[in-house]
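Protein chains: 2
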Amino acid sequence: MIGLAENLGSEGSTLIERAMATIRQRIAARALTPGSRLPSIRAFAKTMQVSKSTIVEAYERLAAEGVIQSRLGSGFYVSGPLAPLSLAEIGPKLDRDVDPLWISRQSLEAGPEILKPGCGWLPASWMPDAGLRRALRTLSRAGNAALADYDTPLGLAPLRQLLSRRMAEHGIEASPDQIMLTESGTQAIDLLCRFLIEPGDTVLVDDPCYFNFHALLRAHRAKVVGVPYTPTGPDIDLFAQALETHRPRLYITNSAIHNPTGATLSPVVAHRLLKLAEPAGLTIIEDDIFADFEQAPAPRLAAFDGLDRVVHIGSFSKALSASVRCGFIAAPHGWIEGLTDLKIATSFGGGHLSAELVLAMLKDGSYRKHMEALKARLSQVMGETSARLKALGILPWLEPQAGMFLWCRLPDGIDAADIARKALAQKVVLAPGNAFSLSQASGGYLRFNVAQSTDARIFKSLERAMQGR
Amino acid sequence: MIGLAENLGSEGSTLIERAMATIRQRIAARALTPGSRLPSIRAFAKTMQVSKSTIVEAYERLAAEGVIQSRLGSGFYVSGPLAPLSLAEIGPKLDRDVDPLWISRQSLEAGPEILKPGCGWLPASWMPDAGLRRALRTLSRAGNAALADYDTPLGLAPLRQLLSRRMAEHGIEASPDQIMLTESGTQAIDLLCRFLIEPGDTVLVDDPCYFNFHALLRAHRAKVVGVPYTPTGPDIDLFAQALETHRPRLYITNSAIHNPTGATLSPVVAHRLLKLAEPAGLTIIEDDIFADFEQAPAPRLAAFDGLDRVVHIGSFSKALSASVRCGFIAAPHGWIEGLTDLKIATSFGGGHLSAELVLAMLKDGSYRKHMEALKARLSQVMGETSARLKALGILPWLEPQAGMFLWCRLPDGIDAADIARKALAQKVVLAPGNAFSLSQASGGYLRFNVAQSTDARIFKSLERAMQGR
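Just so you know, the protein sequences line up as chains A and B, in that order. If you count the first sequence from 1, position 208 lands on 208 in UniProt numbering, and the numbers rise without skipping. If you count the second sequence from 1, position 357 lands on 357 in UniProt numbering, and the numbers rise without skipping.
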């Protein structure tokens with residue numbers, strides 16, 4: 001038997017390497033594509049005219065290298081997907097516990113038995129469900145077009161008119177034809193990234209910032225640079241330095257109720273930021289999805305700038321419903337045509353029914369009342385959660401004026417990712433600081449969603465985890 | 001005055017060119033971004049220390065070159081958007097009348113007074129509106145999570161289970177965990193393109209094919225190669241040649257009820273195609289959004305292939321509602337993780353409410369009855385439309401077994417784009433052949449949607465247009 005000889009000497013080793021090289025070549029030539037099954041051991045041994053044990057060894061070595069994967073009972077598969085576009089393959093390799101996509105999944109996949117103070121949205125029971133139900137009943141009596149036809153390319157005109165008026169309340173002048181509806185706030189940013197940047201372009205984000213910005217920018221293969229965030233906005237000196245050093249094309253931020261810190265941009269920082277942006281040719285995406293949670297009006301970059309180099313985006317996932325998908329972009333006039341083309345090419349029609357539902361809910365007189373009550377409720381649980389955390393030595397970085405987030409510092413020497421791991425074992429999903437931090441400088445922080453932090457078990461579990469249990 | 005001198009001699013010309021060069025440099029350095037306003041003529045004249053008339057001339061020349069645009073009453077703006085990602089800038093420059101994006105827009109923007117035999121979907125009045133209304137009322141009584149919470153990353157499990165069973169009826173074995181819901185069929189293909197190809201990769205399409213494939217692939221900056229389509233599928237010899245010559249990574253097609261031709265892939269072509277695909281390492285996206293319109297079951301590539309190198313996608317826009325956005329991908333096991341990451345990064349949650357609505361409608365006993373009646377109705381208007389067209393000398397390329405499309409040849413010497421232009425002036429939106437054809441070989445064809453072709457004015461308008469009026 002050749003097989004025995006192979007296992008004993010250099011000749012065997014050469015045969016194994018030859019088999020491995022053959023598989024690698026087939027993958028490189030895309031004769032074997034990621035996710036596809038490798039030839040069976042028997043068949044490939046026959047092809048290569050070697051023993052089955054040679055192929056077993058070759059496959060096992062390739063699996064150890066991560067080139068292929070064994071799947072129980074069904075053979076070996078090419079690892080994949082096509083590597084360059086797999087998000088896991090792009091950007092820095094992060095510990096799973098602080099990987100933005102993993103954190104998102106934890107929250108999205110969590111069943112009702114899981115507590116999720118780390119998640120980024122309100123419990124469904126806090127949402128305006130009476131208004132939602134009314135809107136559904138209203139829609140059930142609407143015309144056929146609303147129920148069954150595509151929306152216009154820009155999206156439902158009456159909703160864009162209403163959004164235009166709502167933005168005016170924040171000082172943002174956007175005519176309805178400068179507004180394009182999207183499927184979500186995330187899709188709005190994604191479309192803008194497709195429109196504005198190319199692979200390799202540099203994008204500035206806040207450090208810390210909403211973790212999905214990292215994942216999204218990874219998908220665009222942008223070079224991401226973080227600017228430390230202060231309680232009044234990005235550190236303006238470091239921002240100026242970053243412009244100088246990295247010549248970024250884009251900056252993505254939240255002006256009011258910053259995620260994760262709950263901070264609010266000050267007028268003076270807003271003004272300086274825009275003054276720096278102009279000579280640098282920087283475009284800014286202002287993600288304002290928490291607009292309706294504000295207690296006092298904060299400055300908006302889009303209001304100062306007049307939608308010249310600032311694009312304003314929003315959605316209804318946080319205040320109305322995350323189940324009804326609808327977001328929007330308010331952009332400079334000259335961009336709308338190109339953005340519309342891109343939207344048609346990549347998603348064809350917008351969500352007509354979702355837009356109708358959002359319109360019905362926003363027009364419903366009960367919505368503002370609901371938001372007032374919600375803000376009062378959030379303010380109260382913010383105080384309670386803050387007190388419970390302080391009792392554990394977990395201290396808020398600042399007291400946010402509004403919103404649902406508390407960005408908190410753990411006692412010295414305690415690692416948030418470690419706490420998150422331990423809490424998860426106890427069915428509590430936390431959001432460790434470094435998921436939000438490009439520089440990985442927030443290892444001592446956790447973001448709490450106060451609306452998801454009313455259960456006493458959360459604090460017990462935190463206490464246990466901090467005691468190393 | 002320097003200004004007068006400038007207008008007279010080479011010195012003036014040099015000053016104009018210097019001003020133009022300065023603007024060009026600022027655009028190149030992104031100090032002036034697309035869509036942004038140029039300095040006022042007065043201000044820029046001061047900066048450059050030249051006369052205002054020099055700047056006027058410089059701006060006008062730049063505008064003539066298309067670098068900037070004048071906007072009435074508000075000055076000059078940098079043309080744009082950022083050029084490389086503007087779809088209009090990518091790919092071949094097409095006559096507006098056969099530009100895929102322009103055709104889509106015509107149909108999407110058409111008000112009720114417009115007749116649109118060129119559009120790709122049914123009139124809203126043909127859709128199952130009673131079922132839609134019932135589903136909305138049912139949803140209005142659903143739990144809070146269905147109304148207000150994000151969906152799971154893969155999408156509503158009961159809907160994926162139902163889709164798995166429905167695909168099994170077409171011989172496609174896809175377990176529910178191989179199925180991911182998307183916002184639409186188009187978004188499904190878009191996600192797959194992001195996952196599978198890189199700018200510059202070659203993608204095969206049918207010639208003719210659904211025109212939005214062209215727009216979508218332009219957005220991905222793919223190199224697109226067309227393979228002539230025959231009544232039984234792509235021309236298999238030319239397909240083999242294209243694989244050899246262009247080494248494409250991907251092929252996008254419809255197997256059953258091909259758009260625009262209404263053709264059906266034959267089993268023998270399907271088998272040969274897959275045999276060619278394997279050694280070439282070709283991945284195939286089978287877009288099956290017209291699945292429910294079939295009269296007799298056609299072969300599916302995904303059924304032959306077992307979701308190894310074929311990805312199957314579908315949506316509900318054509319049979320249920322284009323207003324409720326929901327599509328899906330059935331993909332090889334190893335791809336689902338990466339696709340889910342990409343979906344979260346670029347759109348966060350899926351359309352939970354849309355998925356609930358689709359599930360309610362598909363489970364509604366009346367849906368199959370509706371589809372049976374719809375197919376009979378389509379078959380009848382297909383015959384009627386075919387007869388009316390034949391009377392005008394416009395001849396179907398084949399008699400489709402089902403669906404809503406008739407791909408028709410105009411009498412010799414008549415140009416479809418010309419007819420489309422003339423018809424549009426009479427408020428009739430047609431779909432000229434070359435919008436579907438990469439090689440621009442379908443200039444003598446029009447695609448008719450028989451469900452949108454019941455109005456006699458369409459045929460009058462066609463007759464007039466063909467007579468050159």
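Treat the hints with caution; some may be incorrect.
If chains are identical, the list can't say which one is meant, so a pair holds when it fits in one copy or spans any two.
Derived BS3-like pairs: lysine-lysine, alpha-carbon spacing no greater than 30 Å straight-line [stated by the list, open to error]:
id: 1; residue 1: K422; residue 2: K46
id: 2; residue 1: K275; residue 2: K52
id: 3; residue 1: K275; residue 2: K46
id: 4; residue 1: K427; residue 2: K275
id: 5; residue 1: K460; residue 2: K422
id: 6; residue 1: K369; residue 2: K52
Quick caveat, the hints were computed from the structure, so don't treat them as lab data. All values derive from a computational prediction rather than experimental measurement.
Hint by hint, which ones does the structure fall short of? Those not satisfied are hints 1, 4 and 6.
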